[in-house]
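Numbered continuously in the numbering used here, the sequence shown closes out at residue 259.
It should be emphasised that the hints constitute simulated quantities derived from the structure, not laboratory data. Fair warning: there could be bad hints in the mix.
As the list claims (entries may be wrong) - Using 25 Å as the maximum straight-line C-alpha spacing, the simulated SDA-like pairs for lysine to any residue come out as follows:
#, residue 1, residue 2
1, K227, I206
2, K210, T224
3, K168, G245
4, K132, K214
5, K150, F175
6, K214, W158
7, K214, K22
8, K61, P192
9, K72, E52
10, K210, Y225
11, K214, G256
12, K132, I120
13, K61, W31
14, K232, R197
15, K22, K65
16, K81, Q103
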Amino acid sequence: MEIICYSCGRGEHPENTIEGIKHCQRINADWRIEMDVQMTSDHRLVLFHDYETKRTTGEDKLLSKLNFSQVKKLNAGYNFKIDGTYPYRLASVKIPELTEVFQKFPKAKLILDIHTNNPIVVDILIDLIDTKFQGGDFIIASEYDEIIRKLKSRKPSWKYGVSAKEAKRMLYSSFLYLDGLFPVKSDILMLPKKYGRINVLSKRVIHHAKKRNKPIWAWMYEGTYVKTIETKEEMELLRKIGIEGIFVEFPEKFLGETR
């Protein structure tokens, strides 16, 4: 199965950081690394998930309103807690720029999840990949359908994860047995096994994907929180129903569980 370090292995190191990427690479350099991409007020692409900075940095700001110089002063690991302690409150962890990731990890297999709906990001991302990561192994994902649509129109040969709108359309059409009317255009379906109380990965949905040779990469649950795969039993459960890839946020723990 394809193993994906969710948010750069956020369970064991601060999410979306160089430290997290290094950790994932040490565990297994062949595993793919998922990271979230946002844009600063001066149009620099950085690794960050939330629109507000408080959850991870402790400072209550809007990331899109900060310039890159201001972003560099934030501590991406301020609220990272492990074994009852906050190890990065005195040893600050920087929010990295995407170009730094490309330069330091040219052989890494990446998923770039675009977390901004500002259309300017399309030109910036294309230029950055073409100049700094050309020939690199990457997949583009985003909840913003318009961003994915524009990227596909410019770069149809790139690989794309399913957007939110396309995923919903596929799920609804599968439930209604109308999936023949709604072909899946993205390369990979990235879906939770359950969303709230809804069983997303039903036999019908999996059949829909298999019929069109579209791989499914999955995590266990999404709702008020995200639960990724943590045990061999969870992995085998998904493998048994035909899932080809899984997301893990505790890569070292997961490796130990599956040895």
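Hint by hint, here is what the structure shows:
Of the supplied pair hints, the one linking K227 and I206 holds, its CA atoms being roughly 20 Å apart against a limit of 25 Å. Our distance criterion of 25 Å between C-alpha atoms is broken by K210 and T224, whose separation comes to about 29 Å. A distance of roughly 20 Å separates the Cα atoms of K168 and G245; the hinted pair therefore holds under the 25 Å criterion. Proposed proximity of K132 and K214 is contradicted: the alpha carbons are some 29 Å apart, above 25 Å.
Between K150 and F175, the direct Cα distance comes to roughly 29 Å. Violation of the 25 Å bound is thereby established for this hinted pair. Distance check on the hinted pair: K214 and W158 sit about 15 Å apart at the alpha-carbon level, within 25 Å; holds. Between K214 and K22 the alpha-carbon distance is near 30 Å, which puts this suggested pair outside the 25 Å criterion. Restraint check for K61 and P192: the C-alpha separation of about 30 Å exceeds 25 Å, so the hint is violated.
Taking the CA atoms of K72 and E52, the gap is about 15 Å. The hint holds against a cut of 25 Å. Taking the CA atoms of K210 and Y225, the gap is near 28 Å; set against the 25 Å cutoff, the hint is violated. About 30 Å separates the Cα atoms of K214 and G256, which puts this hinted pair outside 25 Å; it is violated. Under the criterion of a C-alpha separation no larger than 25 Å, the hint pairing K132 with I120 is consistent with the structure, at around 18 Å.
A distance of roughly 33 Å separates the Cα atoms of K61 and W31; the hinted pair therefore is violated under the 25 Å criterion. A C-alpha spacing of about 24 Å is found between K232 and R197, which places the hinted pair at or below 25 Å, so the restraint holds. Taking the CA atoms of K22 and K65, the gap is near 29 Å; set against the 25 Å cutoff, the hint is violated. Taken as a hint, the K81 and Q103 pair is broken in the structure, with Cα atoms around 29 Å apart against an allowance of 25 Å.
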